[in-house]
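Chain by chain, the residues run as shown.
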Amino acid sequence: GENVEQHPSTLSVQEGDSAVIKCTYSDSASNYFPWYKQELGKGPQLIIDIRSNVGEKKDQRIAVTLNKTAKHFSLHITETQPEDSAVYFCAANNFGNEKLTFGTGTRLTIIP
Amino acid sequence: GAGVSQTPSNKVTEKGKYVELRCDPISGHTALYWYRQSLGQGPEFLIYFQGTGAADDSGLPNDRFFAVRPEGSVSTLKIQRTERGDSAVYLCASSLNPGTYEQYFGPGTRLTVT
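From first to last, the protein sequence lines are chains A and B. Take the first sequence: its letters are residues 1 to 112, numbered as in my numbering. Take the second sequence: its letters are residues 1001 to 1114, numbered as in my numbering.
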């Protein structure tokens, strides 16, 4: 089955700087890669996703890049703000398989 | 609009007891998923419903776990003879249709087995 690895496990960034979180996946058939933000005591919130037919997607301060050859994808947050502090999860699944396989999460702390 | 709701938000039960966890998906969403999240880990898939039927239950850890969705909307996850290792946050998600992929999660039910 699919295996998703995520790095780093913790990340501290000065407010206003950029943050990058990276994930790798094992199943070359995977074609959908969402990112979730989870705040303490809440469920995961979908913040951005990318499908295998594109290499990059951007939504305001958040962008995701995908390298299918290398089987890795990354989340980029620019101009970080204190409210960006949370745990971020990457995930993957493939066509015909509805279940998401999640990474182990990255705890992002924005230092004011 | 209203998101996915789950009740109760917290459940404490004694080892060996039976529990039911409820999920109310986003209105109109035909696909419903249950995941389990242990402390410091990502969610792990349990079961997926398309309409009333369980299309994939490969993530259920053993036969103490069972889930239903009798009318294709609300779902109940049932755990028999609970064990301390069942303690986790149980998350429910819904999606408009299978293949659309975007899954929207509820706040979860924190289950503690003492």
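No lab work stands behind these hints: they were computed from the structure. Errors might be hidden in some of the hints.
Rough simulated footprint, nothing fancy, chain A against chain B, three-plus residues with beta-carbon under 8 Å [as the list claims (entries may be wrong)]:
(1) 1037 to 1049
(2) 1055 to 1061
(3) 1070 to 1078
One side of the interface only, derived from the structure: several residues of chain A facing chain B at Cβ under 10 Å [what the hints assert, rightly or not]:
(4) Gln6
(5) Pro8
(6) Pro34
(7) Tyr36
(8) Gly43
(9) Gln45
(10) Asp59
(11) Phe89
(12) Cys90
(13) Ala91
(14) Gly103
(15) Gly105
Each computed DSS-like pair below joins lysine-lysine, with the alpha-carbon atoms no more than 25 Å apart [unchecked claim]:
(16) B:Lys1017 <-> B:Lys1078
(17) B:Lys1011 <-> A:Lys42
(18) A:Lys71 <-> B:Lys1078
Because the structure is a prediction, the values reported are computed rather than measured. Cβ coordinates follow ideal geometry from the N, Cα and C atoms, glycine included.
In ascending order, which of the hints set out earlier in this document are inconsistent with the structure?
3, 5, 10, 18
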